[in-house]
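**Q** Please model the entire structure based on the sequences and the hints provided.
Number of protein chains: 2
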Amino acid sequence: MRSTPAFQDAYPDDVAHCYGCGRLNEHGHRLKSRWEGEQTVARFTPEAYHTAIPGYVYGGLIASLIDCHGTGTAAAVAARSAGYRLGEDPVPPDQQAPRYVTASLHVDYLAPTPLGPELTVRGVVEDAGEEKGSRKVVTSITVEAEGKVTAKGRVVAVRMPESMIR
Amino acid sequence: MRSTPAFQDAYPDDVAHCYGCGRLNEHGHRLKSRWEGEQTVARFTPEAYHTAIPGYVYGGLIASLIDCHGTGTAAAVAARSAGYRLGEDPVPPDQQAPRYVTASLHVDYLAPTPLGPELTVRGVVEDAGEEKGSRKVVTSITVEAEGKVTAKGRVVAVRMPESMIR
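So the sequences go chain by chain: A and B. Here the first sequence is numbered in my numbering, starting from 1 and rising by one per residue. Here the second sequence is numbered in my numbering, starting from 1 and rising by one per residue.
Some clues are possibly wrong.
If several chains are the same, the list does not tell them apart, and a pair holds so long as it fits within one copy or across any two.
[What the hints assert, rightly or not] Calculated cross-link-like contacts (lysine to any residue; reagent style SDA-like; alpha-carbon spacing at most 25 Å):
no.: 1; residue 1: 136; residue 2: 26
no.: 2; residue 1: 136; residue 2: 160
no.: 3; residue 1: 132; residue 2: 110
no.: 4; residue 1: 152; residue 2: 45
no.: 5; residue 1: 132; residue 2: 91
no.: 6; residue 1: 152; residue 2: 104
no.: 7; residue 1: 148; residue 2: 129
Rather than coming from a laboratory, the hints here were simulated on the basis of the structure.
**A** Written as structure tokens, this is what we have:
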């Protein structure tokens, strides 16, 4: 499952530099999100220096994972609405893979997240933006360590305006 | 103003490793927050690789700056309630500098943030947690680039439980 291409692997080259998830950003986290049934899932192991208080994961990193998994999920949802699976299926020749940006991000830190184990980031689509003219996708996201949910987030993502591409 | 010690410079050594603002984390952002009148202010210039879409700052970094400026402001507010200015005045000998962690973080991305210029992060205290028994401080935070507010956040910070210190 995890060796299949991820949503972010399908982003067009000119918008694949995101510090959180761009495959072309060699300094970044390169988060990879994929469908697992009706959920989207990403797995990420923080570095030792991604710490808040010694022993725990930095909250800003958790927010970053939620952010990028949210925009990735939004892109995958838009692709699904267009009839293909982002990352797994080829992008139809008359289209470009969709790219979303964050309009708002909310994170509740429910418990300290232990630093060391792999984290699992899960996304559930709340609003697929399928109403006519909608460019917005809303996802609920959890972050788990060792089977326990330690943070819960919500991402409102909007289709990236063409004007953002330089 | 900017050469005076910052709130984060007063954090006790054992809780000064935060990736966002710990002075002892050599890989991290080392954000520095200070009082400017009734506001708190931090300034930060992102690296070229802290990008979302080329030309713009990564949203996860913006969330991180808001997060650490929020907890820093909360600590400074608690110190002020205890009668001293965090970073500037010595911590009273019978006390430890206060340290806060994030309970929740909200960020609205109002406009793309240009990558290159120094960012100004401003905090205003909404709830100083001065009610008896309260361990919670709430701050409103803005991020500005070239004089324009591009993101607005809200941080609910709680006094760090002793049990988090390993």
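**Q** Each of the hints needs a verdict: does it hold here or not?
**A** Do the hints match the structure? See the list:
1. 136 - 26: neither (29 Å within a copy, 38 Å between copies)
2. 136 - 160: Close inside one copy (10 Å), not across copies (36 Å); limit 25 Å.
3. 132 - 110: between (36 Å within a copy, 24 Å between copies)
4. 152 - 45: Answer is within; shortest intra-copy Cα gap is 18 Å, inter-copy 29 Å.
5. 132 - 91: Result: close within a single copy only, 22 Å intra versus 59 Å inter.
6. 152 - 104: The answer is both: 14 Å in one copy and 10 Å across copies each meet 25 Å.
7. 148 - 129: neither (30 Å within a copy, 30 Å between copies)
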